[in-house]
Amino acid sequence: MDAFFASAEQLTRPTLRGRPVLVGGAGQRGVVAGASYEARVYGARSAMPMHQARRLIGVSAVVVPPRGAVYSVLSGQVFETLRGCVPVLETLSFDEAFAEPVELVGASVAQVQDYCAMLRALVHARTGLTASIGAATGKQLAKIGSGLAKPDGMRVISPSEQAGLLAALPVRKLWGIGPVAESRLRSLGIETVGAFAALPESEAASILGGSVGAAMHRLARGVDDRPVAERAEAKQISAENTYQRDIVTMTDLRAAVTAMAAAAHRRLEHDGRAARTVVLKLKKSDMGIVTRSFTLPYATADLATLAAAAQRSAIDPAELGPIRLVGVGYGGLSLVRQESLFPELDQAVPQDLSTVDHAAAPEPEEPANPPGGLWFPGMDVRHPEFGHGWVQGAGYGVVTVRFETSSTGPGPARTFPADDTGLSRADPLDSLC
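With full-length UniProt numbering as the guide, the letters of the sequence shown map in order to residues 1 to 433.
Simulated from the structure, these hints should not be mistaken for lab results.
Built from N, CA and C at the ideal position, the CB exists for glycine as well.
Incorrect hints may appear among the rest.
In silico BS3-like pairs for lysine-lysine, Cα to Cα no more than 25 Å straight-line [as the list claims (entries may be wrong)]: (1) K235 to K139; (2) K283 to K235; (3) K281 to K235; (4) K150 to K139; (5) K173 to K150; (6) K173 to K139; (7) K143 to K173.
Here are the computed distance ranges between Cβ atoms for each label pair [stated by the list, open to error]: (8) V248 to E201: 51 to 57 Å; (9) V88 to G164: 29 to 35 Å; (10) R55 to D225: 42 to 48 Å; (11) P227 to P322: 45 to 51 Å; (12) Q113 to Y396: 53 to 59 Å; (13) L335 to V228: 21 to 27 Å; (14) V212 to R17: 39 to 45 Å; (15) G164 to R266: 20 to 26 Å; (16) F376 to A195: 48 to 54 Å; (17) V228 to A198: 25 to 31 Å.
Required output: the full structure, derived from the provided sequences and hints.
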């Protein structure tokens, strides 16, 4: 999918179409989760610090918080549409998958192009979003082709042209070559895929390591016979949050752990499995990461038990140092659940937790339902007269709302007192209507 998160925002908020949209946290430590193509023109990209992306774009940048529920529904619609044509999909993320249609075995380039055009048309008709498709003899080249096709296109790489296309690409384009491997190869004067492919396989293995080097060398030569297969179920389900202010007290850490345990638990419930191992992840202000785990004697989906296990792993910031990120993950996932014979023991938490004021936790990037008329840009709202909308701006006792959805076209903006009782928080999925 093309700029999936940002495109989903432009779909459901038509006023944003054609504008440089950044999806992510707006705080000091916010990171870009998605950037529209209009934003990429300025050099903004995913994983970039938000303050840097905003500086590149300037005053025209539009920053909205991520809306996972919207992306999840649209992703499901995309994959459901594709599965109607190709039963087996190997999904890589919310917005990317491999397919291996049996009817394309031995097909001509023209036939593959027609098939790709058909898939793109189906996805657009179902979702209103554009997809770019790459097709080739293997996963590596198909992925490269989809990148060359973006935005809103398709690229079929025929067997006769694949060697020449691969040879001219930077070595970093090889799937599996990261910054460290790229630096090592460049230090040896190897900057293109063709130069890497020209090495003896034994030398490639000695540079990058036995199995990895050999596998990368085969890909560089265009040898890629990996089948398309459904991905295995997730081995761990987690949630984490980076806080705008460092956590420096045990009280605040306890509250943050409770919040992340609950967020991960919501995903666990959606998954339908139970967990036996609870992992606590703490990232310090100096970017060092500490992880601790606690394993229960049985798999459970009980939130109180899982949250208590996470709390047992907490480390006082007075000893560890200021903490900028807290995450909780559930592993040892199983469909078999077992209730504890002594739940009061499993759910017991450290004594200092009894003093926690849960409201004292540092605010996450995306605030919860706002009390007392506190609104933030990007929030979905509803008004009894004007319907569904989203907050464009708030402050100085007023809030400006743009009323529109995916089906309305650009809508009107209206300003209300911040304490207007007619405004209420709305379900983000209503913006898809």
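Going down the list of hints, with the structure as the test:
no. : hint                     : result
1   : K235 to K139             : holds, 23 Å
2   : K283 to K235             : holds, 22 Å
3   : K281 to K235             : holds, 16 Å
4   : K150 to K139             : holds, 17 Å
5   : K173 to K150             : holds, 15 Å
6   : K173 to K139             : holds, 13 Å
7   : K143 to K173             : holds, 10 Å
8   : V248 to E201: 51 to 57 Å : holds, 53 Å
9   : V88 to G164: 29 to 35 Å  : holds, 31 Å
10  : R55 to D225: 42 to 48 Å  : holds, 46 Å
11  : P227 to P322: 45 to 51 Å : holds, 47 Å
12  : Q113 to Y396: 53 to 59 Å : holds, 55 Å
13  : L335 to V228: 21 to 27 Å : holds, 26 Å
14  : V212 to R17: 39 to 45 Å  : holds, 43 Å
15  : G164 to R266: 20 to 26 Å : violated, 49 Å
16  : F376 to A195: 48 to 54 Å : holds, 50 Å
17  : V228 to A198: 25 to 31 Å : holds, 29 Å
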